[in-house]
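Chain residues, written in single-letter form:
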Amino acid sequence: MAPIIETRQLCHVYGAGTPFEHIALDHVDFRVERGEFLGIIGHTGSGKSTLIQHLNGLLKPTSGQILIDGEDLHQSKEFLRKTRFRVGLVFQYPEYQLFEETVYKDIAFGPRNMGLSDREIDRRVREAAGFVGIPEDALQKSPFDLSGGQKRRVAIAGVIAMEPEVLILDEPTAGLDPRGSAEILQNIEDFRKAHNAAIVMVSHSMEDVARLTDRIVVMNDCHAAMEGTASEIFAHADQLISMGLDVPQITRLFLRLRELGMDVDPSVYTVEQAMRQLLPGREGVC
Amino acid sequence: MLKDVTLGQFFPGNTVVHKLDPRTKLLMVILYIAALFTAKAFVSYGLVFLFLAVSVFLSKIRVSALFKGLKPLMIIIILTAFINLFYSKGEPLVQFWIITITKEGLYNAFFMVARIVMLIAGTFLLTYTTSPIALTDGLELLMNPLKKIKVPVHELSMMMCIALRFIPTLIEETDKIMSAQKARGADFESGNLLQRAKALLPILVPLFISSFSRADDLATAMECRCYQGGIGRTRMKQLTMAGRDWVTLSIGLLLLAAVIVLRVFAL
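Sequence lines, in order, name chains A and B.
At position 88 of the first sequence (counting the first as 1) the number is 87 in numbering that gives the first Met the number 0, and the numbers step up by one without a gap.
At position 155 of the second sequence (counting the first as 1) the number is 154 in numbering that gives the first Met the number 0, and the numbers step up by one without a gap.
This is chain B alone, in the form it adopts within the complex (with noise of 0.2 Å):
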């Protein structure tokens, strides 16, 4: 159950996606997120469909490992497309009772349902096809200007490159205890909402008690290696940008300005 989890994986390969710089693909999804949201048409949906599309065919990403990702998100999507399919005001097509549908309910449901759907997939898409360190120094060389107006750039990146470290590790010692709990009769599938509550603790308390430590040891072994911030530190690989990066971000500032034109001309 735990092996679900899908946040943060990386899923290697050697595709034109896979090695782009992580900053082009960083821009990339903000790019794209722009453009999902500014997209209000048909058409203006579509274009950002068929960009989704070719990225997810040149990655070689299975669809299906993006629906995975999409699984714990099913009962928002749901009720997202409940709540504007009831409640939006406008010509009705269908009525009952107290339900009416109408056609602006049909339209939004559907665009929200699209938008949400297309935002996950794509960010999925990002963290599927980019390993955890190339994603952190990337977002670090990014926010490097930042560093003027006195904001620890290196400290949270290298924050967040813990912790996306740790998740992998943290799930599989989660496992570990819930087996081991188990094998002294522990039973995490049945009873109330409170008895189920009760029933994490000999879970959640010995994983608190492990990262704690966990914690400790990095600190240490950090020190020992002469951590200090990040004055003076060099990159052992230094990203540069390449051509493709170039035309990836030419797509990129294309697809979001096409679909603004096509806003403004209420397309």
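This is chain A alone, in the form it adopts within the complex (with noise of 0.2 Å):
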């Protein structure tokens, strides 16, 4: 079976013609499989946002090609206009897109637009506030009443809404506290396991991404640099740093740990895996 989505020397060239032109995406191969929960890092400039821009078609590439489901994304404007369905993005600071009066005449813009029925919209609006924790009663008051968190929640709730096989989220935990980053990074997993869906998760944490993502993919001056799982890529630590990147914590503690000598493996990237190398079988105690 194709993956959900692929991209064929995908090229982007902002301002092609100016005196600002330049490259953003350079020959990048890249794939997204039903159902994976795939983490892109990679550091400011590298090319992570305009990659996601293109995977539901907001940006067109200069040359390459993307293939939704293995069929051309740009092939026709209705199969275009359909994919932005089945391809979810959530953007950088999500809440500056809210604009409706209520809470959920916001969540429901995206599957009224979809052109669903009043039942099916209402029915998904409830659903989507439930799986990002916005309690009924909140439904009904101006989005704008809200603290930072909870727009953020109904921002990505707008989008969660349209019930999509791959949510795309461009740090979705940026500016947050870390309770409330950690409660919305549950919320996203929570949907991946309830519709199968694939998740593209772009962040700046590496614990995170070490923690959640199935797949990495390390995207470094206008290329995919690097990908594999956090284990493989997370091995690569001198070539990570040398990109602007880091190792998770417990990983540079380990590969210090190695460097004083003592007979670890450095390939840990959560505190559980370590807990397990260094204390074989009390992993419960923590």
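Please note: incorrect hints may appear among the correct ones.
[Unchecked claim] Partial chain A-side listing against chain B, Cβ under 8 Å, derived:
hint : residue
1    : Gln52
2    : Asn55
3    : Leu57
4    : Ser75
5    : Arg83
6    : Phe84
7    : Leu88
8    : Phe90
9    : Pro93
10   : Tyr95
11   : Met113
[Stated by the list, open to error] Straight-line alpha carbon distances no greater than 20 Å define the calculated PhoX-like cross-link-like pairs of lysine-lysine that follow:
hint : chain 1 : residue 1 : chain 2 : residue 2
12   : B       : Lys197    : A       : Lys104
13   : A       : Lys59     : A       : Lys76
14   : B       : Lys175    : A       : Lys59
Treat the hints as calculated values from the structure; they're not laboratory data.
If you're wondering where the values come from, they're calculated on a predicted model, not measured in any experiment.
Beta carbons are placed, not taken as given, at the ideal position from N, Cα and C, and that holds for glycine.
Using the hints, build the complex out of the two chains.
Structure (structure tokens):
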């Protein structure tokens, strides 16, 4: 079966033909499999945001192809529009896109654009609000009366309500407190399990990426520089650091331990794995 | 589509035109416009055009960039041409059905179009080669004498400076909000006029809200740095008129004088 999203030799040049021309993506081959949790990491300006805006057709490639379920995304206007609903995109700081009088109406904006029946819209709005932990009585409030974290949830619910097959999030936890960000990440995981959707998450938190994702793509200098599971990626600590990235703190600790002569395997990236290695048989302790 | 907005855009460069004092450039634009509106015949239009062409050449701004600025005004230009072409009285050249094209009409249409195009090209050359900050600094200094009659010159130029500064930010913001709403299936390109106007709401509401909060933040930031208007403020970059500025101004005055002479003697 073809991957749900695949890019072939994708290139994008901003401002072609002006003095401000610059390359953002340079022959990127990238894929998203059904139901997987994919992490994208890379320093600022490495092309992550440009890449994800291609995946639902907001940006048109300068050259190269994007295949959705094996079919060319830009084959027709109808297909492009349908894809917008199949590939949900949550931008960075999505709370700035809220505009309706009530939270309910704002979440319903996407489903309404899909042309669904009122009953179906109602079901989806309530379900999406449930996923992100917006209580029933908040639905009739104005979104502008909510706190920053709540606004973010409403905005994410607005995309979840379209029940996309792929949910793409650009730094969904930027600027949130640790508890709020942990909750939102859990909400996203819940949605994935309930709908068997694929998640693509751009993040600067190596810990989150290591803990949640099945696979990681590292963007560097307009290329997809590395690809693999968390343990494969974080085994190349030197390379990551040279790209302006980092490894999870626990991995750094283990690298240092080995430098100091201890016999440990530095391909760990969560506290649980570290426990298993250092104190085998006592995982349940913490 | 929003990337095409060229208003207030600045193409950095290192040419003579870029290096001129902003005051010189502002005065030159005024002289140029005066000359353009005084011109009445081929010779004087030719002179003004020559001046424009030399300035564009020296500034190394591409002609295509100037034409891009003209695009949004195409309708006005075409309309002007048509009205002048068909509604000028005089010696008929072509006549069929109810349409009469006169020799005077042809002249008028040509000159009006030339005038508008050159007017816009000249002013765009100013904003293309002068950074917004330099431009408002120049304006403030030029308007300084007006302070005597209690015109809040500094405040006006500060407002203009802020407005110009935020044009690109607002464009970027609009682009972002548009993308976000498009990702939720918003459709800005189809439907009738009313539907399209309604489709703008999801962009305008967030844009207004973020503009207000941005203005608030900016005001706070300015107060934190003890901004209190123009009194006692000094500049990091003092503007000084160099030899090239006086030469340029002389050329501008000569151009205007020549066009006036040509008009008086009806050449």
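Against the structure, the hints:
Below 8 Å, beta-carbon pairs count as interface contacts, and glutamine 52(A) has one with chain B at about 7 Å; its hint therefore holds. About 6 Å separates the beta-carbon of asparagine 55(A) from the nearest beta-carbon of chain B, less than 8 Å, and the hint is met. With 8 Å as the threshold, the beta carbon of leucine 57(A) comes within range of chain B, its nearest partner Cβ sitting at about 5 Å, so the hint holds. Nearest Cβ of chain B to the Cβ of serine 75(A): about 14 Å, over the 8 Å cut. The hint is violated.
With a cut of 8 Å, the hint placing arginine 83(A) at the interface with chain B holds, because the nearest CB-to-CB distance is about 5 Å. The interface hint given for phenylalanine 84(A) holds, since its Cβ lies 6 Å from the closest Cβ of chain B, which is under the 8 Å cut-off. Because the smallest distance between the Cβ of leucine 88(A) and any Cβ of chain B comes to about 4 Å, under 8 Å, the interface hint for this residue holds. Hint status for phenylalanine 90(A): holds, given a least beta-carbon distance of 5 Å to chain B, under 8 Å.
At its closest, the beta carbon of proline 93(A) sits 7 Å from a beta carbon of chain B; the interface hint therefore holds under the 8 Å criterion. This hint holds: tyrosine 95(A) has a C-beta 6 Å from the nearest C-beta of chain B, less than the 8 Å allowed. Interface hint at methionine 113(A): satisfied, since its Cβ lies 6 Å from the closest Cβ of chain B, which is below the 8 Å cut-off. Note on lysine 197(B) and lysine 104(A): the hinted pairing holds, with a Cα-Cα distance of about 15 Å set against a maximum of 20 Å.
Taking the CA atoms of lysine 59(A) and lysine 76(A), the gap is near 12 Å; set against the 20 Å cutoff, the hint holds. Our distance criterion of 20 Å between C-alpha atoms is met by lysine 175(B) and lysine 59(A), whose separation comes to about 15 Å.
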